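Protein chains in written order, with the numbering used here: chain A, 1 to 185; chain B, 1 to 185; chain C, 1 to 75; chain D, 1 to 75; chain E, 1 to 252; chain F, 1 to 252; chain G, 1 to 354; chain H, 1 to 354.
Simulated from the structure, these hints should not be mistaken for laboratory data. A quick note: this is a predicted structure, and the numbers were derived from the prediction, not measured. Here a beta-carbon is modelled for each residue, glycine too, at the ideal position from N, C-alpha and C. If a hint is listed, it holds; no wrong ones were tucked in.
In silico DSS-like cross-links for lysine-lysine, where the CA-CA straight-line distance does not exceed 25 Å: (1) G/K274 <-> G/K346; (2) G/K346 <-> A/K58; (3) G/K267 <-> A/K2; (4) G/K234 <-> G/K190; (5) H/K322 <-> H/K274; (6) G/K238 <-> G/K322; (7) H/K3 <-> B/K58; (8) H/K299 <-> G/K322; (9) A/K159 <-> G/K41; (10) D/K34 <-> G/K217; (11) E/K12 <-> H/K192; (12) H/K190 <-> H/K234; (13) F/K187 <-> F/K201; (14) G/K217 <-> B/K80; (15) A/K2 <-> G/K3; (16) H/K267 <-> B/K86; (17) H/K346 <-> H/K267; (18) G/K3 <-> A/K159; (19) G/K347 <-> G/K299; (20) H/K192 <-> H/K217; (21) H/K217 <-> E/K12; (22) B/K86 <-> H/K346; (23) H/K3 <-> H/K41.
So, partial list: chain F residues that the calculated Cβ filter (under 10 Å) puts toward chain G: (24) A40; (25) C62; (26) D63; (27) V75; (28) R81; (29) D86.
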Amino acid sequence: MKQELIIAGFGGQGVMSMGQLLAYAAMKEGKEVSWLPSYGPEQRGGTANVSVVISDSKFGSPVIDRPTSLIALNNPSFQKFEPSVKEGGEIFINEDLVTVQSGRKDITVHLIPALTVANELNEQRTAGMVILGAFITKTGILKAESLLSALTYLLGTKKDHLIPVNRQAILRGEKIIRKALSSIN
Amino acid sequence: MKQELIIAGFGGQGVMSMGQLLAYAAMKEGKEVSWLPSYGPEQRGGTANVSVVISDSKFGSPVIDRPTSLIALNNPSFQKFEPSVKEGGEIFINEDLVTVQSGRKDITVHLIPALTVANELNEQRTAGMVILGAFITKTGILKAESLLSALTYLLGTKKDHLIPVNRQAILRGEKIIRKALSSIN
Amino acid sequence: MRVTFREERCKGCSLCVNVCPQEIIKLSGKVNKKGYQPAEAVDQEACTSCSACAIICPDAVITIKRPERKKRKAS
Amino acid sequence: MRVTFREERCKGCSLCVNVCPQEIIKLSGKVNKKGYQPAEAVDQEACTSCSACAIICPDAVITIKRPERKKRKAS
Amino acid sequence: MKTVFERTEGLKDNETHYCPGCTHGIIHRLVAETLEELGALERTVGVASVGCSVLAYDYFNCDMTQAAHGRAPAVATGIKRVLPDDRLVFTYQGDGDLASIGMGEIVHSAARSENITVIFVNNAIYGMTGGQMAPTSLIGQKTATSPGGRTPRAQGLPIRVSEMLATLDGSTYIERVSTHNVPHIIKAKKAIRKAFETQEKQQGFSLIEVLSTCPTNWGLTPEESLDWVRDEMIPYYPLGIYKDIRKEREGV
Amino acid sequence: MKTVFERTEGLKDNETHYCPGCTHGIIHRLVAETLEELGALERTVGVASVGCSVLAYDYFNCDMTQAAHGRAPAVATGIKRVLPDDRLVFTYQGDGDLASIGMGEIVHSAARSENITVIFVNNAIYGMTGGQMAPTSLIGQKTATSPGGRTPRAQGLPIRVSEMLATLDGSTYIERVSTHNVPHIIKAKKAIRKAFETQEKQQGFSLIEVLSTCPTNWGLTPEESLDWVRDEMIPYYPLGIYKDIRKEREGV
Amino acid sequence: MGKVLMKGNEVIGEAAIHAGCVYFFGYPITPQSELVAYMAKRLPEVNGLFLQAESEVAAINMVYGAASAGVRVMTSSSSPGFSLKQEGISYLAGAELPAVIVNIGRGGPGLGNIQPAQSDYFQVTKGGGHGDYYTPVLAPSTLQEIIELTSEAFRIADDYRTPVILLGDGMLGQMMEPVEFRDIKEKEFKEKEWATSGTEGDGPPRVITSLDLSDIKLEERNNRLQEKYSKIKKQEIKVESLYTEDAEHIVIAYGTVARMVQSAIEKAREEGMKIGLIRPVTLWPFPSEVISRISEDVKGILAVEMSAGQMVEDVRLAVEGKTPVSFYGRTGGVIPSVEEIYEAIKKLGKGVTA
Amino acid sequence: MGKVLMKGNEVIGEAAIHAGCVYFFGYPITPQSELVAYMAKRLPEVNGLFLQAESEVAAINMVYGAASAGVRVMTSSSSPGFSLKQEGISYLAGAELPAVIVNIGRGGPGLGNIQPAQSDYFQVTKGGGHGDYYTPVLAPSTLQEIIELTSEAFRIADDYRTPVILLGDGMLGQMMEPVEFRDIKEKEFKEKEWATSGTEGDGPPRVITSLDLSDIKLEERNNRLQEKYSKIKKQEIKVESLYTEDAEHIVIAYGTVARMVQSAIEKAREEGMKIGLIRPVTLWPFPSEVISRISEDVKGILAVEMSAGQMVEDVRLAVEGKTPVSFYGRTGGVIPSVEEIYEAIKKLGKGVTA
Ligand SMILES: Cc1ncc(C[n+]2csc(CCOP(=O)(O)OP(=O)(O)O)c2C)c(N)n1
Ligand SMILES: Cc1ncc(C[n+]2csc(CCOP(=O)(O)OP(=O)(O)O)c2C)c(N)n1
Ligand code: SF4
Ligand code: SF4
Ligand code: SF4
Ligand code: SF4
Ligand code: SF4
Ligand code: SF4
Ligand SMILES: [Mg+2]
Ligand SMILES: [Mg+2]
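Just chain A, same shape as in the assembly (with noise of 0.2 Å):
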């Protein structure tokens, strides 16, 4: 299994950690990994994107040019990458921010009012969160448990208290990629 997704959207919506989180899971897991952020002035204000490829075996390019995957937390981001995405490939939005739409059939694209769930949740930094539930279900390239041990070890132990609700949040960003599908279904 390989999967080369693009995380992308405005600096500080949290797309380089979400990006980390998913790298570290993957190494805990025994997969071959590699993280390839946007870097330099250009975040400020504007958009930050981060490459992650997860795959069974080993593999050569950190660099993605046709994301099986897309995760968009904002709209600049989704025009910018909806268009490379590989054919057969999904797109995960935040529903909540992202409002234009894609005109490709040859793909899938999931909503995830991740924003709404984070509120409702009382933490709105769980956004990406929920999301990378619904990431990591609908692809299946890690198991929910990684996610949260690894968002232990970044998070370090003094913000222990925070994974109740990111454990929250992943199972609601699983509950509501499993109900899209199985009422496409």
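Take the given structure of chain A and dock chains B, C, D, E, F, G and H with the ligands to it, following the hints.
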């Protein structure tokens, strides 16, 4: 005709300007000429030397590996360059300052009491001209008048008054070498 | 309107909000193209045209106008 | 000798000549290996071992000695 | 209605890339307004340095040259010395640019009394590269390269550029101002104007040090940042005029 | 006979390449004597710069590293920071080296309060390269690159390094001395000793500016050169202590 | 120690510490600033020293000082900052001082941008400074390889008394991959009797210099350097060959781009094309012999670089006309895609040379 | 104007003035200091400006400023100082600014010495700074040729908006020869509409920069540069060939050394050896085609340099194995004698390649 001359002495003995006088005079006589100094801090207190090539026809290298003539103004210079003089070549030394002797049989050494003469002329700084007078007379490479007009040019009009004594110096050099030559013959 | 904001240029930094002596500037609920909540004046009438907000705004977002003074009648 | 010169190291700069309060240093007539006229003391007896010459000599040419003071007799 | 405040012609109509609340934007406006007021936009050449203000050429509405990191004063010297005297030349430099890598160039342009104006934006940090220590970072300040806080022993003591340059015979007008509130912004504008006037009158080197914020790398809100300038920076970097020999320089 | 003055062990027994009467030689001796007296020759590393004193490593009887033009303070920083604290590190730099190309390095090593000692030989000219203008050349001084005499307008004003560095919080001990006569040479020696002691006590950056001659490029005799120091240089470069916060630095 | 997830820049830092280097002098510049920040945090923890220099020029000269005092020392920069170090690197080479200098390349020339590029190849391999010198250049293509090569860099530096360059690009510096620091036995470093660290009464004073006023003496120094370079050429060439046995065409690429190239080659092989990969690991000394040998057997060679074509010159020098050499490159920080490299490879068979 | 006797360094200065350059920013360094001093004296006389910069780094950036303001401008240095200019030269290339930079080479690496050397060949021809750029390099071998080539340097700089390098060595700078400044007609310089000299209300503000944050934009800039370089390669190669018609062996040398080589060849011809001389006058662009063509007809080529072998690499690139290439060089400021070059030539026939 071609002369490859090295003039060498202590810094401050006027080595460079002696070379310049010759080069300028040669240019004025329409000859090909190059002037190449040793340069840099080793001049200070140490020895300085200049290579002057004067030729009737075009030549390539301004570097002199084996001088046809050497003017040596002190012992270290004599010792340094004497071995490189071309066979059949000539050395002109300031005999007031150079006390070491050449062991070579294939070259001619001309002893010029340049300082003595200059002191007689009441102008120490003309010692170089005495030797140059000897050099051009012996080699026939340049006319005395060219040398004098070079001097006029290089000294600038403000030092016009020094011309006569320099003319005398050149003539004294000429005389010395002629006498020496006639006594040899 | 005394104070107007060039909404798409605002970065929602709040400096104008904090500096206004009349406390009439707020960040609006909406999000502009760049993802910021732009500032807006909630009570134009209360504005004294003091320009403090415009002076501190790092992004030259704000224009200030003042009603022309009525000409005094010639006495 | 109170004052001695390391002749081959002298550059004939004359600073010692000018500084000596006793005016006993001169440049000699001869020329050393490097082409300089080295300094020399013309009257050792007059030297007070004040060291001025040695202190100003840029080339550490000069050594100064002073006769041991006679030990005072124990009283 | 009469317009009492509007965007100056001295700025191009571009959106800046500065972070929200960063006072670089204010300082840009002050310089731009000054040039407009002096009627100098068409005879000014600005020099952008390397730092967050590297794109200053996209903002100032006059001819602009972008200089290598720290070398803006040398570039400005090159420009000023070959153009007619009526041209105004200014540099816009950060504290990393001017006080670290560019120390040689700023000292020497001051010593030569180059007839240029330097806008020196001191935000006590390297903004552009992500918050490393600057020579102006305060003792105790935590930065990416002084993670435990700056200490005199390990990283040395902050450099007060204005005070230092004032000791040079070549410098003509040097003032330190701040942007942490409206009155000070107004003062800053006046200082900047004086500096450009110094240049107009051929009186030699002028520099305005402007205390500025970097909310992003200080880890503070824009508002907190203004307070940090007031409470932490100004005590170490007192505001005021450090050199003013404009009179003496008349007709030099 | 008792020897009251002899060549110090601090100097190697090599002949110097300096011109007759050049006071570089005196300054060498003073530094060498100081190191000998402090018993520090075996734990000292000197840094030779680029200038007439480039061959200083042939003269000082201790470990020596030769640095690129102007960079001696950076090289010294590298050495000092990686060696045990008991090591003494000094630079020996000319005014072209230190005040022109090396301005950035000297300001920053002072600001960092690097615990090194700088011997700064100010002879108001580039000796080595044949008499070009230095940042320290005096107004009116004719040099190869200011053939009409230095003017404020064309070449700017001479830099007073000691005064400037004294404004930095990082500098600990700064004194300007001269070599133009015996009493001042003796004073210079004392200053140099104080500077090395500052370093021994870990009190931070010390610099001794020594006014020196360049008979060759000034076009004067050695004796006239000493007078020129007294009559022309000292009025612009007054002798004295410009910074002394050794007390405050105890135990920093 | 298990695997850890780190940024390339941080891996360089940790690898240096593992190689016994605890002294670092640097100056921030994107895209290598994380290395500087990492050292600022880590070195005090291992009783080392991090110092932020006032400039790249100062940094390289601090390195010169530290190296002359006998310690393992490192600095790093990116393209414009690396250019500023050229005088210093020439001095290190001339004075024969060991040090490791990192260049995490970015788009040029001038200020350029901060995206990944390989356009400093000439500068690092041909001695960007003045005088006849070379510096060994190691070019890792993965984060794990950074660890190996950093350690090698310090060994080579010490063994030959020479500055060594570790060359990467923004991609290598910014990306994260799992890496493993294998436990390293406490190394014994050779004593550097030549170091100027204070004589401590042990023998006469030592001198570090690159100056020889006499031309004859300086020529002797140069001869010594050239002999050293010959030795390095004999002993230190590193190169990776992949799929070369049956290859009809060869692609040559180094650093991160070699990864894209490998993917493209694998794709081409799936299509039945017999393509091999040669990845120079040392750029100087360049694996000229390997390339020269293989050039006799293949129908063509393609060099791929993130530059307008620099390494390809060394390839041509090695090939000496024995087989056509073509080039594919992107500049300005554009990373060539696997797809476009694949297209370039496809053209190979058709004998097109760019 | 008749012949005058001048030092090479001074000739460069006067030639620049004749080429309409009256702005000079420099820093003293042996063996080019006479040029700086000459400009200090002369430029005020012609209403120009001489400024002694605080360093080579400042000087090149002053040049950057002056060039961006639209004037003809020059700086000069020697090897270590030239290394310091690398960042600035890369900026000039990136921002496409015309300027002439003189390098009067000396022995290296490091501080080296002040004797003549040609060991900066790589640095000047391969772009010693970062990024993909080249600078035209002109290498006069006589003082008279300095005059021609300096004028050419300014023309090329303006025509292509590029920095141009004039490369000599200490010998060329220090020696005197009679030269003649032929009367130059008052030149009309093309207006530089791109210059940032104040708009004077004539159009929108102009910008000089080498920055393009976007990789695509920076690649476009690079493509523009590469096109320019292709054009220069087509139009600006200069080379001198002597005795090549019947030559069985060729010696290739540039600059002053070509003079020694010429003398040695003439000696060899007297002995009946059929030796030709190719003297590249532009080092970049390198006369590769001329060399490539002749390499098909001769039995061998010898490159002679005052270096450990740098230009010889470009010779090999041109020759592509078609004939044996050997090398003779001296380093550290040693000037090879006519005699020893002659000996090296004699070996040529015997098929020895070094
Ligand atoms: C030669 C060189 N070195 C380093 C850099 C990287 N760099 C870019 S901006 C910067 C610091 C900017 O800080 P400052 O001047 O304080 O400006 P600010 O961003 O804070 O406004 C550095 C180190 C560079 N571009 N060039
Ligand atoms: C990078 C570089 N630039 C220039 C030089 C040439 N240079 C050698 S010494 C010197 C000036 C020395 O003057 P100063 O430091 O005052 O020392 P002094 O000779 O007067 O004692 C210069 C410019 C050099 N060696 N390296
Ligand atoms: S002009 Fe004054 S009162 Fe009006 S909104 Fe702005 S700050 Fe408030
Ligand atoms: S100060 Fe300007 S940018 Fe900030 S919130 Fe107010 S209007 Fe917006
Ligand atoms: S020690 Fe004093 S008195 Fe004796 S020679 Fe020297 S200066 Fe003169
Ligand atoms: S001071 Fe020294 S060098 Fe000068 S003349 Fe006296 S002894 Fe000789
Ligand atoms: S990083 Fe700091 S200085 Fe730069 S734009 Fe953002 S807030 Fe301003
Ligand atoms: S040139 Fe000047 S500074 Fe140098 S040794 Fe001679 S007198 Fe001393
Ligand atoms: Mg800053
Ligand atoms: Mg000096």
